[in-house]
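Participant: Protein chains in written order, with UniProt numbering: chain B, 1 to 527; chain D, 1 to 1244.
Among the hints, a few may not be true.
Which residues of chain B face chain D? A few of them, derived with a C-beta cut under 8 angstroms, are [unchecked claim]:
id, residue
1, Lys-15
2, Lys-27
3, Ser-98
4, Glu-102
5, Thr-130
6, Ala-132
7, Pro-136
8, Asn-141
9, His-152
10, Ser-177
11, Glu-393
12, Arg-422
DSSO-like, lysine-lysine: derived pairs with alpha carbons at most 27 angstroms apart [said to hold, decoys possible]:
id, chain 1, residue 1, chain 2, residue 2
13, D, Lys-111, D, Lys-87
14, B, Lys-75, B, Lys-63
15, D, Lys-171, D, Lys-1190
16, D, Lys-70, D, Lys-87
17, D, Lys-87, B, Lys-456
18, D, Lys-926, B, Lys-126
19, D, Lys-111, B, Lys-456
20, D, Lys-394, D, Lys-70
Note that these hints are calculated values from the structure, not bench results. For each residue, glycine too, the CB sits at the ideal point set by N, CA and C.
Below are the chains, spelled out letter by letter.
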Amino acid sequence: MRVLAQLAMVMNLDKCIGCHTCSVTCKQAWTNRAGTEYVWFNNVETRPGQGYPRRYEDQDQWKGGWVRTSGGRLKLRAGGRFRKLASLFANPDLPEISDYYEPWTYEYATLIDAPLGTDVPTAAPKSAITGAPVQPDWGPNWDDDLGGSTEHGVADPVLQRLRDDLGVQVKFEFEQSFMFYLPRICEHCLNPSCVASCPSGAMYKREEDGIVLVDQHQCRGWRMCVTGCPYKKVYFNHRTGKAEKCTFCYPRVEAGQPTVCSETCVGRLRYIGVVLYDADRVTEAASVADEHDLYPAQLDLMLDPHDPEVIRAAEQAGIPHDWITAAQRSPVYQLIHTYRLALPLHPEYRTMPMVWYIPPLSPVVDAVAGTGFDGEDGHNLFGAIDSLRIPVEYLAELFTAGDVTPVRTSLRRLAAMRSYMRSVNLGREPDERVPAAVGLDGEQVFGMYRLLALAKYDERYVIPTAGIGQAHDLEGIATQCSLDVDGGPGMGGPAVAGGQGRVDLVSWRGTGRPDALFPTLRGGGDR
Amino acid sequence: MSVRTPSASDSADKGGGTRPAGTDGSATDALLRLGRYLTRSTTSADLRAVYRTGGRDGDAFYRDRWSHDKVVPSTHGVNCTGSCRWKVYVSDGIITWESQDPDYPSIGPDKPEYEPRGCPRGASFSWYSYSPTRVRFPYARGVLVEMYREARRIHHDPVAAWASVVDDPHKRGVYHRARGKGGLVRVSWDEAAEMVAAAHVHAIATHGPDRVAGFSPIPAMSLVSHAVGARFMALIGAPMLSFYDWYADLPVASPQVFGDQTDVPESADWWDAAYLMMWGSNVPVTRTPDAHWMVEARYRGQKVVVVSPDYADNTKFADEWLAPHPGTDAALAMAMGHVVLTEFFVRREVDYFTDYARQFTDLPFLVTLAERPEGLVPAKFLTAADLGPEAAGKAAEWKTVLIDAVTDQPVVPNGSIGFRWNAEDEGRWNLDLGEVVPRLSLHGDQRHEPVEVLLPRFDAPDGAAGVLRRGVPARRIGEHLVTTVFDLLLAQYGVRRAGLPGVWPTGYDDASQPCTPAWQQEITSVPADRVARIAREFASTAEESRGRCMILMGAGTNHWFHSDTVYRSFLALLTLTGCQGRNGGGWAHYVGQEKVRPLTGHATLASALDWVRPPRHMIGTAYWYLHTDQWRYDSMRNDALLSPLATGALAGTSAADALAVSARLGWMPSYPTFDRNPLDLVAEAEAAGTDPVEHVVEQLRTGQLGFACEDPDDPRNWPRVLTVWRSNLLGSSAKGHEYFLRHLLGTDANLRATEAPPDRRPRTTKWHERAPEGKLDLLLAMDYRMTSTTLFADVVLPAATWYEKHDLSSTDMHPFVHSFNAAVDPPWQTRTDFDAFHTIARRFSELAEDHLGVRRDLVATPMTHDTPGETAQPHGVVRDWRLGQADPVPGRTMPVLTVVERDYPAVAAKLATLGPLLDAVGTTTKGITYDVSEELAWLAAKNGVAASGPAAGRPLINTDIRAADALLALSGTTNGHLAAQGFRSLERRVGQPLAHLATENEGRRVAFADTRAQPAAVTTSPEWSGSETGGRRYSAFVINVEHRKPWHTLTGRQHFFLDHDWMHELGEALPVYRPPLDMHRLFGEPRLGPAGREVTVRYLTPHSKWSIHSTYQDNLIMLSLSRGGQTIWISPGDAEAIGVGDNDWIEAVNRNGVVVARAIVSHRMPTGTVFMYHAQDRAVNVPRSEATGKRGGTHNSLTKLLMKPTHLIGGYAQLSFGFNYLGPTGNQRDEITVIRRRSQEVSY
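Next comes chain B alone, as it looks inside the complex:
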């Protein structure tokens, strides 16, 4: 057993209101720069829908993730790579800019500068890359709220699989409408195919917290990671020629603060916590033959933080005490492991993703009442799971490689909580058979309720702060400036060149390259 600690996230899709605040705060903090105009480390997709980039889940086309060979070994789906190192966005396995979208801006200045004319000034659109006039015809969120559903929604790869492989027909008709939102960041996988794809060794997984990063100095712009990531969460900065991706806001989490996307989530649906896992068994878990076994295999990798043997092993592996106690209080572990509410996104990619999702509980009472039963009767609720507006098969294709059983379990537990708590709310004697029917007791239902409904800040985010990454530098405090540590503000290396302020994409007119478009990287020495 080799215990590693992983910062992981759970998003409760049942609570997501699709507001995209997470996308905007992330974009503003990290990628509103030239070169990353089209980059959304965090995006939110309406499902059914194509997602961003377009149809990224179609691995027949994009060749992301791992496949299991007949011999039981894992190989990158993309296979050999040198042939694909052609020109920008020309690799057949690389999404083109049009698969993301061509970022655009507007001739805003005309609103103030327009000379006296014959009509009202308006700011016409233009490409944010070339400055040429352009008409937006696709965007990072083009099919929001089922927009263009009958033309674009039908191309949802999950829907296609439902239709082609399972014979489940989803009609895009008014009365049968359903939708939900899927916010996505980098999965910070235990078995990251992007890291394995990198020929430069520039991508790495931080040992102390599992965050997957691109070393901006090492990156040579091969873009194999873009292909390798099945979630398409590694992006190519076309200005710097480097790969960039979600950093799990490491400058924040190192200080115990939640990621930007989490803290700003007004749906209060994100949870961050530590999960301890056995690094030795990752490959084995990712290699199980039956795709339906991937979810339980990944569950099995996660170690019980209360198990004395695990604690001992963790301590031996150098994991600080506060990380272990954080793992014990981890909301993520509870939602994934204790309550079995959260599920991984596309486990069939075999990357062992670490951003998990509680599936959305779409109208139940409605469906049951339609059958003539009392929709509020707790027992009827369970029968109704299969009558949800959102087909359970659709959710299973997203979260369990098509196995509907874990999805049903999760939804039934949510429904049971609602039913049980309704009795409490109305002052009735709660029916203990309701939680029992889903393998819980009343106390556990209250525990779930506390975590999901009350969702206090310090219970949503349990992030340890013991700074093991920099601790070794503290030895120098006696003889050095205490701020002069790696990455610290008083670092002795060369300062950021030129004293420039940042130039945001949004204030850039799309022509020329403004001064200080991109801050000079600090340091830059040989590593």
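Position chain D against the provided structure of chain B, taking the given hints into account.
Facilitator: For chain D alone, kept in the frame of chain B given last:
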């Protein structure tokens, strides 16, 4: 960086197959090994993963990017009711970005918290700070500036120079026609302020102060910025225009039913609800920061029902989704009421419901039945005056009567409005019934006689009226035949009882009779059995939870012409089931309702009540209806709205006629008021040695003086100077946008309508053959970004943003007061609104020395709600002095007339200080007067006093923070001392203990610095009807229900019945279903449905996911996340009918104008209805239209104002004017449009 070597266990064989699990392929391995050489790190033995410890400098870029110099709390002053706390990050003196500040005080261990509050729009705000659409300098239209500068070379005096330009018809035409066509040039602040000040001085001197106006909506979204400009307007005598009614956000049903503007639960109280209906309120989109309460409450077992014509965002959370046809919601609600009354009042009685109805509603009160040739009709509330002289005390006509079930005698219970205002009844204005048990129904009463009454119905698809004949139990009291409101309600809802005559539904499945479930199904398409089931669930839950059912209602049901009837049908459900005044229950109206929690302080500052009273407050809708000449195109006669049982009082009249009645009877304000300058009227009277008020009454009586609203197109009656700040009037709220452009501004428009034919014009409004084009001398806009308003304005002043100033915000969604703080000082030449108005005021005062001096002004104001004036016109009987039905008596049968002094050179000094009227008479809110001498002393000590000048010795409010502190100190919600004082005053009137509500906070005073440190919780105050005492969540009317304090209505209870003459004329005395207006029949628009290459559809403008009104819709981030410009959502069926694909360019055309937009085709839309998200301005990506060759319009280019006469009623209890309390709504949802595919080649 530390480097680890692979651990031994990495190579352990754990694979289950023939080979150990691992990666495959020698090429892969070779590559990865290469990679391992290129970097020093840990690679797992199977080369699958690269680990690094301490990898914290490989990406220093991100760490550097995250670094910042400071973080400042602020909020967004946008009309969204959010009032969210944000952290603004500053690096190198530049605002970089923002994120929500989660530091809200906890609201308890057993509830979710408010943190974090925000939305994607707010998260993108910092984009504006340095964006290319930022207004950095003062601008003015070049042609105007040239003419003004030329005039200044001739005239040394700025006012003379200004006059020489604006009074020259040619020059006037030149700059009017240039409006909106570019050609802005930079000017200095000095020059801009001079032009603006000169325009004000000239307009006041020449035309009168009521020809100037200010428009700035929703004070709560930045209280100080609003107050400073409104205060300037009040000091010069200029009207402020209302916005809540103008936006159609004001639910007229609220004054009608509650006698309250709007009072609703905070969002945390949704958590307390056991049953939640979202009815026309798309919470995730329009209440983004609050949606989580709804989501989380489901985990408490709350049932969620969504009523929406489309699959709206909130439908995702709904246990049930009902999709009635747009605008038919009242039919659904009436049918639910039918079920509730049948099953919970008639077949079975629920003690909780009947007790509530007896104590807190008008249901037991007696109503007279009037005999008409065709039969009996409900008439007026029986009052103490009807019981004979022995019963009549003070204000007997204002005391309503019910029957005591114990004695079987009529009694006059406490609490009606007759007990509110006279000294004799002090202590009796309460809902304490004593031993009296009100009889809800006369059915079963020994003395009752069954009689048939006539009731109106409007359920024909075209809205045509019919008559219902239904029986009620009646009884004679004196000369009157009476029944109860409850008995009338059962008749109206078609709930049959034994022994009563009339035509009744045979059962729920009888579709021929209102208001059965089957009847509503034919109107709404919602299955009858589902409606019955949900009604039953709703009432059962209310019974079990004692009133914890809530209806969230919003623009989707409130922006209709007849939305007051829609809302009354909702409120009936809630009131019948005892849900009002309960935590977790009641109505939750969420559109435009932003609550000024520090109410008294704001009102005092904004209306300059410390210096001069009364202010001029104008009903916005009527103002725009007249001055944009929309009245000339309004061919709808009031006849189209009348009840078949109407007496004919409104027959043959138009909305403008009704408006004139309302003005001259003192119901509603009307500015400009007279057809002469009010300063001149006083001077004239004084020169003649007569009293100005008598002079004006006499002149009106003889017809020598006229009302401006009866001749709005006469140049004497035009508005001349308009200042718009904190608002994008033209690009956002201007219903009838194209009419604004043509008539108010005098520039090009896409207007296609023709004027009303002679036989359909108003009778009493003077018709000029040519409508004026270009009325305003000056349109002044202050903004930080370019909008339609700044594009059309003559002068644009650069405003500081919400991250560059100090201010306050509050909302009813949460109980906190937030501060704005300057993260950086205003950049370039921008100034805060506070500074801008002080700049203008100083220049104005200088110019006023020579041109205005000290003048006396005659202010006409209506009879106002929450003042004794609301008891001016008993029984709501209309008596028009013009028609000889009454004498013209100010304050009784016509407006109140007050002469006030205007010391124009002292305006700047007064703007910056608190005046002496506060010392003399305190300040009054909702009928309670506060002595604020202690607060003034505190403010004088804290802020200092003016050293010299006309305001010497007065407390200073000359900075934004000082003004904020004054505002907080003068309000009960933020100053416990005042709250306690107010409750003690109220106790004397009510005669019930109330002061205990404030004792826990009596020593607590919130100062601006407190709001900066953390969101500051407000405390219980008589300014509002709910209670936060003891840490409970705010819910409206809790004080009324728990402490027997009356509602501010005629009966003192919640009203089902409204007996004003005009309510009867329109057939709306009781809740009733009225369908959307038939635009085909009324205005000749095509019938709904496809025809050739066009389709005619309902045109709805719901609030946008990507903007708050027009703010953010031009923001690049929001445009990137949406479709990049104007869009219209359309169903696949309608799209297919005209060959439109997703993202195709389309044009929407009707008589009012043209929109050019992209189509979003989606199956979430119902066939026959399109959505154009509200407030998509034309400043971004709007091509020229095929229909007119000109720039396409805004969402409001397809709308036009239509006014409902009943919104103009005044002088009668709760139906009395209050600013933003009551007035005609600027509704827009009944509109339809033609959609067609256009050429896909567009030009700009």
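Participant: Work down the list of hints and note, for each, if the structure agrees.
Facilitator: Hints versus structure:
1. Lys-15: holds, 5 angstroms
2. Lys-27: holds, 7 angstroms
3. Ser-98: Violated, because the Cβ-Cβ distance from Ser-98 (chain B) to chain D comes to roughly 14 angstroms (cut-off 8 angstroms).
4. Glu-102: Interface hint status for Glu-102 (chain B): violated (11 angstroms vs cutoff 8 angstroms).
5. Thr-130: For Thr-130 (chain B), the interface hint is violated, since the closest Cβ of chain D sits about 16 angstroms away, which is over 8 angstroms.
6. Ala-132: With a closest approach of 14 angstroms, the Ala-132 (chain B) hint is violated.
7. Pro-136: holds, 4 angstroms
8. Asn-141: holds, 5 angstroms
9. His-152: Status holds, d = 7 angstroms.
10. Ser-177: holds, 4 angstroms
11. Glu-393: This hint is violated: Glu-393 (chain B) lies away from chain D, its Cβ roughly 19 angstroms from the closest one there, beyond 8 angstroms.
12. Arg-422: holds, 2 angstroms
13. D:Lys-111 - D:Lys-87: holds, 24 angstroms
14. B:Lys-75 - B:Lys-63: Cα-Cα ~11 angstroms, so holds.
15. D:Lys-171 - D:Lys-1190: Given that 27 angstroms is the threshold and the Cα spacing comes to 24 angstroms, the pair holds.
16. D:Lys-70 - D:Lys-87: holds, 10 angstroms
17. D:Lys-87 - B:Lys-456: holds, 20 angstroms
18. D:Lys-926 - B:Lys-126: Violated. Lys-926 (chain D) to Lys-126 (chain B) sits at ~54 angstroms, over the 27 angstroms cutoff.
19. D:Lys-111 - B:Lys-456: This hinted pair holds, its Cα atoms lying about 9 angstroms apart.
20. D:Lys-394 - D:Lys-70: violated, 64 angstroms
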